[in-house]
Amino acid sequence: MADVRLVGVSKRFGKQEAVRNLTLEVQDKSFVCLLGPSGCGKTTTLRMIAGLESPDTGEIYIGGNLVNKVPPHERDIAMVFQFYAIYPGMTVFDNLAFPLRQRKWTKGEIAKRVREVAEILQIAHLLEKDAMSLTVGEKQRVALGRAMVRDPKVFLLDEPLTNLDARLRAVMRVELKKLHNRIKTTTIYVTHDQLEAMTLADKIGVMESGVLQQYDTPSNLYNRPANLFVAGFIGSPTMNLLECRVRKGERIYLDFDGFTLAADGFDGRLKSVHDGMELVFGVRPSDIRVEEGGGGLLNGRIEVIEPLGDKAILDILVGRTVVRVLEYRKARVDVGSSVALYMDSEKIHFFDKKTGLRL
Amino acid sequence: MARVFLNHVVKKYGKETAVEDLTLEVRDGEFVALFGPPGAGKTTILRMIAGLEDVTSGEIWIGDKLVNDLSPAERDVAMVFQSFALYPTKTVFENLAFPLRKRKVPPDEIEKRVKEIAAVLNISHLLEKKPGTLSGGERQRVALGRAMVRRPQLFLFDEPLTNLDAKLRLHMRAELKKLQREMGQTAIFSTPDDVEAISMADRIAVLSKGRLIQYDTVDNIYERPYNLYVAQNIGSPQINTVEGSLVTEGGGPLLDLGFTKINLSHLGDVLKGFEGKSLILGVRPPDITPSTRKTDDISFRGRVEIIEDTGAEVYANVGVDSTTFTVLIPSGMRLGVGDEVWLSLNPKRIHIFEKSSGKALL
Numbered sequence: 001m002a003d004v005r006l007v008g009v010s011k012r013f014g015k016q017e018a019v020r021n022l023t024l025e026v027q028d029k030s031f032v033c034l035l036g037p038s039g040c041g042k043t044t045t046l047r048m049i050a051g052l053e054s055p056d057t058g059e060i061y062i063g064g065n066l067v068n069k070v071p072p073h074e075r076d077i078a079m080v081f082q083f084y085a086i087y088p089g090m091t092v093f094d095n096l097a098f099p100l101r102q103r104k105w106t107k108g109e110i111a112k113r114v115r116e117v118a119e120i121l122q123i124a125h126l127l128e129k130d131a132m133s134l135t136v137g138e139k140q141r142v143a144l145g146r147a148m149v150r151d152p153k154v155f156l157l158d159e160p161l162t163n164l165d166a167r168l169r170a171v172m173r174v175e176l177k178k179l180h181n182r183i184k185t186t187t188i189y190v191t192h193d194q195l196e197a198m199t200l201a202d203k204i205g206v207m208e209s210g211v212l213q214q215y216d217t218p219s220n221l222y223n224r225p226a227n228l229f230v231a232g233f234i235g236s237p238t239m240n241l242l243e244c245r246v247r248k249g250e251r252i253y254l255d256f257d258g259f260t261l262a263a264d265g266f267d268g269r270l271k272s273v274h275d276g277m278e279l280v281f282g283v284r285p286s287d288i289r290v291e292e293g294g295g296g297l298l299n300g301r302i303e304v305i306e307p308l309g310d311k312a313i314l315d316i317l318v319g320r321t322v323v324r325v326l327e328y329r330k331a332r333v334d335v336g337s338s339v340a341l342y343m344d345s346e347k348i349h350f351f352d353k354k355t356g357l358r359l
Numbered sequence: 001m002a003r004v005f006l007n008h009v010v011k012k013y014g015k016e017t018a019v020e021d022l023t024l025e026v027r028d029g030e031f032v033a034l035f036g037p038p039g040a041g042k043t044t045i046l047r048m049i050a051g052l053e054d055v056t057s058g059e060i061w062i063g064d065k066l067v068n069d070l071s072p073a074e075r076d077v078a079m080v081f082q083s084f085a086l087y088p089t090k091t092v093f094e095n096l097a098f099p100l101r102k103r104k105v106p107p108d109e110i111e112k113r114v115k116e117i118a119a120v121l122n123i124s125h126l127l128e129k130k131p132g133t134l135s136g137g138e139r140q141r142v143a144l145g146r147a148m149v150r151r152p153q154l155f156l157f158d159e160p161l162t163n164l165d166a167k168l169r170l171h172m173r174a175e176l177k178k179l180q181r182e183m184g185q186t187a188i189f190s191t192p193d194d195v196e197a198i199s200m201a202d203r204i205a206v207l208s209k210g211r212l213i214q215y216d217t218v219d220n221i222y223e224r225p226y227n228l229y230v231a232q233n234i235g236s237p238q239i240n241t242v243e244g245s246l247v248t249e250g251g252g253p254l255l256d257l258g259f260t261k262i263n264l265s266h267l268g269d270v271l272k273g274f275e276g277k278s279l280i281l282g283v284r285p286p287d288i289t290p291s292t293r294k295t296d297d298i299s300f301r302g303r304v305e306i307i308e309d310t311g312a313e314v315y316a317n318v319g320v321d322s323t324t325f326t327v328l329i330p331s332g333m334r335l336g337v338g339d340e341v342w343l344s345l346n347p348k349r350i351h352i353f354e355k356s357s358g359k360a361l362l
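Respectively, the protein sequence lines represent chains A and B. The first sequence stops at residue 359 when you use the numbering used here, and every number in between is there. The second sequence stops at residue 362 when you use the numbering used here, and every number in between is there.
Derived from the structure by calculation, the hints contain no laboratory data. Misleading hints may appear alongside valid ones.
[What the hints assert, rightly or not] Calculated cross-link-like contacts (lysine-lysine; reagent style DSBU-like; alpha-carbon spacing at most 35 Å): (1) B:Lys129 with A:Lys15; (2) B:Lys167 with A:Lys203; (3) B:Lys129 with A:Lys178.
[What the hints assert, rightly or not] Residues from chain A that keep clear of chain B, each with C-beta distances beyond 10 Å, as calculated: (4) Gly8; (5) Phe13; (6) Gln16; (7) Leu66; (8) Gln122; (9) Lys153; (10) Leu164; (11) Ala166; (12) Glu208; (13) Tyr215; (14) Asp310; (15) Asp334; (16) Leu341; (17) Asp344.
[What the hints assert, rightly or not] Quick list of simulated restraints, FRET-style, between CB atoms: (18) A:Asn181 with B:Lys359: 36 to 42 Å; (19) B:Glu243 with A:Pro88: 29 to 35 Å; (20) B:Asn122 with A:Leu168: 31 to 37 Å; (21) A:Met132 with B:Lys15: 25 to 31 Å; (22) A:Asp165 with B:Glu243: 24 to 30 Å; (23) B:Pro37 with A:Gly265: 45 to 51 Å; (24) A:Arg115 with B:Leu52: 53 to 59 Å; (25) B:Ser278 with A:Asp76: 49 to 55 Å.
Where a beta carbon is used, it is the ideal one built from N, C-alpha and C, also for glycine.
Let's have the full structure, built from the sequences with the hints guiding it.
Take a look at the structure:
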């Protein structure tokens, strides 16, 4: 068990700046996701923690020890790539024993340790089975078990669920979360899938272009995104982000593309803005209610309805902009009908368009 | 514009049956999904309609023409493949114009139609660019445009969104649906993703191993699945299933799940002949009401194993006896791992399947 600390870590590949001045603390026993699009620096960060890349500047600590100069195999970490990578033609026991045999453990020690780990993972009854005959969920536990037998202080996981289909991914996510609840080994997990990060992590580090954008709990990232990038990346369907310009007189008006909004209900939050300032008005599809007719904060016409079974996504043309709404009740409105959009003012997010920062 | 009718179509590769006796009608202007896992026969069906594969037996009609013996070019069909290839050295304009130039359409007519299509697809500003400089979604739209510019009577899309990333897929889903409706053209697409199928299609053909299992509207597929296969493959999170047996108590039929008994008297005659047999109860996560107290006679107790909070929605996995229910947690209800919770099923929203055949009883 160990915490992991990165202090001012940077890494370049030639002219390419992969990670810039990253400071991040992963608490002991916690599950942290590094989330971002491809090329954001998340995998480079993981590889630096594993010792597969060395940082140009900055320090990496595992369990309080500076590990910059420590080779990968002495760092006491286990890197797991794809969960279904297990040795075929071997029993579960042999799969788990493999890393220990490589390290020349005695037979007695191996048997004891394998059984211990198998019991934690609830696969003790499968030890004599051919690993290939297992279900995918069981295989995942074997792959993790193989990483666990050495008793690493930290698990590093690089997009382990990416190649699975959506349904299986959902099952594996739940398995993984249950497992972490039980074994509590510090885990750092790299993914580009915001849903995986939201559901698995205690804290998420959102990265973009090598820079850590926000490091916070899933609920804070969702409810108080620090900037436009985080707002657009977290949540599905994505937050509606509408550009507008401030017109400040006795009242505050927001001029959007094709319509104007009086900011009466939420002008308290716009005290710091100045006349002519460009803002981005953000509201999540699930935070908008739709009623037939007029009189809402916004009004528009339904362009597309995408049913999702128990809910539906409505694309509503407001002015010249499409606003997406997630409707939880069965849609009672049809394509083409005029609707009013209601939202609580505290569910509206404002960003400075120039800096991208939350107001 | 065209109706498509497949009449007892069979496709065999040697001894392997890829498509088994398929009869399917796609109405003029309809948007239909062929849905199933890899190996279900989706792509083979599209390729037979396009004329890229022969049928082993049966008839394919497009419009009022039997097209079995027509070449792909004569069928007036456009097929967009999963991995689409654009000409890398040509501009977007030339990529779009290419199918028309091949057909010797006069230059001013080409200009007009390319611009028209580009406007519909929102790529007018990209016409002078090369494909290599475009984003994945833009390239996807160019590929669609190249198929559309000929104004074929039928569109076939083979897994059109599979190779896009999650964000773009969501965006293109709405785009494609809007486009199809605006153009009013008959279109058939294949997908392994149930969300894509239900969000875009007017009707869904659910396939398994070359067999058509159910062909119906999105609502009916979701609300009245024909069998367990359809129920478990459509809707996410997946429907909860638990085995029980039919017993008669106090004059009425009950489904005994071990931890609770569900009154099925509203099903009446449907249950005749199933007494004592094993049945499977299916209930979707939103149709279970969780509560911190016992709320009614049929509610039962479980323990929270895991919480999944997606931001907009919170799901809990609740262990009850040896099974686990996925439950949608209403906003405002606070639950943690290890908490005790009572679950109540909405009896009007449950599905009952015969265990041996998997068929739905209602």
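Hints and how they fare:
Only pairs whose Cα atoms come within 35 Å are accepted, and Lys129 of chain B paired with Lys15 of chain A is accepted, the gap being roughly 27 Å. Among the hinted pairs, Lys167 of chain B with Lys203 of chain A is consistent with the structure: their alpha-carbon atoms are about 22 Å apart, no more than 35 Å. A hinted pair counts as satisfied when its Cα atoms are at most 35 Å apart, and Lys129 of chain B with Lys178 of chain A does not qualify at roughly 49 Å. Once the 10 Å rule is applied to beta carbons, Gly8 of chain A is consistent with being away from chain B; the minimum gap is 31 Å.
No Cβ of chain B approaches the Cβ of Phe13 of chain A within 10 Å, the least distance being about 22 Å, so the stated non-interface status holds. At roughly 19 Å, the least C-beta separation between Gln16 of chain A and chain B is larger than 10 Å, which holds for a residue marked as non-interface. The claim that Leu66 of chain A lies off the interface holds: its Cβ sits roughly 35 Å from the closest Cβ of chain B, which is beyond the 10 Å cut-off. Taking the minimum C-beta to C-beta distance to chain B, about 13 Å, the non-interface status of Gln122 of chain A holds against the 10 Å cut.
Here Lys153 of chain A stays apart from chain B, with its beta-carbon at least about 24 Å from theirs, past the 10 Å limit. Residue placement check: Leu164 of chain A keeps its beta carbon more than 10 Å from all beta carbons of chain B (closest about 12 Å). Chain B draws Ala166 of chain A into its interface by the beta-carbon criterion, the shortest separation being 6 Å against a cut-off of 10 Å. Every beta carbon of chain B lies more than 10 Å from that of Glu208 of chain A, the smallest distance being close to 13 Å; the non-interface claim holds.
The beta carbon of Tyr215 of chain A is kept farther than 10 Å from every beta carbon of chain B, the shortest such distance being approximately 17 Å. Once the 10 Å rule is applied to beta carbons, Asp310 of chain A is inconsistent with being away from chain B; the minimum gap is 4 Å. Asp334 of chain A, annotated as away from the interface, keeps every beta carbon of chain B farther than 10 Å; the closest lies near 12 Å. No beta-carbon of chain B is positioned within 10 Å of the beta-carbon of Leu341 of chain A; the least distance is around 17 Å.
Here Asp344 of chain A stays apart from chain B, with its beta-carbon at least about 12 Å from theirs, past the 10 Å limit. Taking 36 to 42 Å as the suggested C-beta distance range, the pair Asn181 of chain A and Lys359 of chain B conforms, at roughly 38 Å. Taken as a hint, the range 29 to 35 Å holds for the pair Glu243 of chain B and Pro88 of chain A, whose Cβ atoms sit roughly 33 Å apart. For the pair Asn122 of chain B and Leu168 of chain A, the beta carbons lie near 35 Å from each other, so the given range of 31 to 37 Å is met.
The hint said 25 to 31 Å for the Cβ distance between Met132 of chain A and Lys15 of chain B, and at roughly 27 Å that hint holds. Our hint of 24 to 30 Å for Asp165 of chain A and Glu243 of chain B holds, since their Cβ atoms are close to 25 Å apart. Checked against the hint of 45 to 51 Å, the C-beta distance between Pro37 of chain B and Gly265 of chain A comes to roughly 49 Å, which is consistent with it. Taken as a hint, the range 53 to 59 Å holds for the pair Arg115 of chain A and Leu52 of chain B, whose Cβ atoms sit roughly 56 Å apart.
For the pair Ser278 of chain B and Asp76 of chain A, the supplied restraint of 49 to 55 Å holds, since their beta-carbon distance comes to about 51 Å.
Violation of the numbered hints given earlier is confined to hints 3, 11 and 14; the remaining hints are satisfied by the structure.
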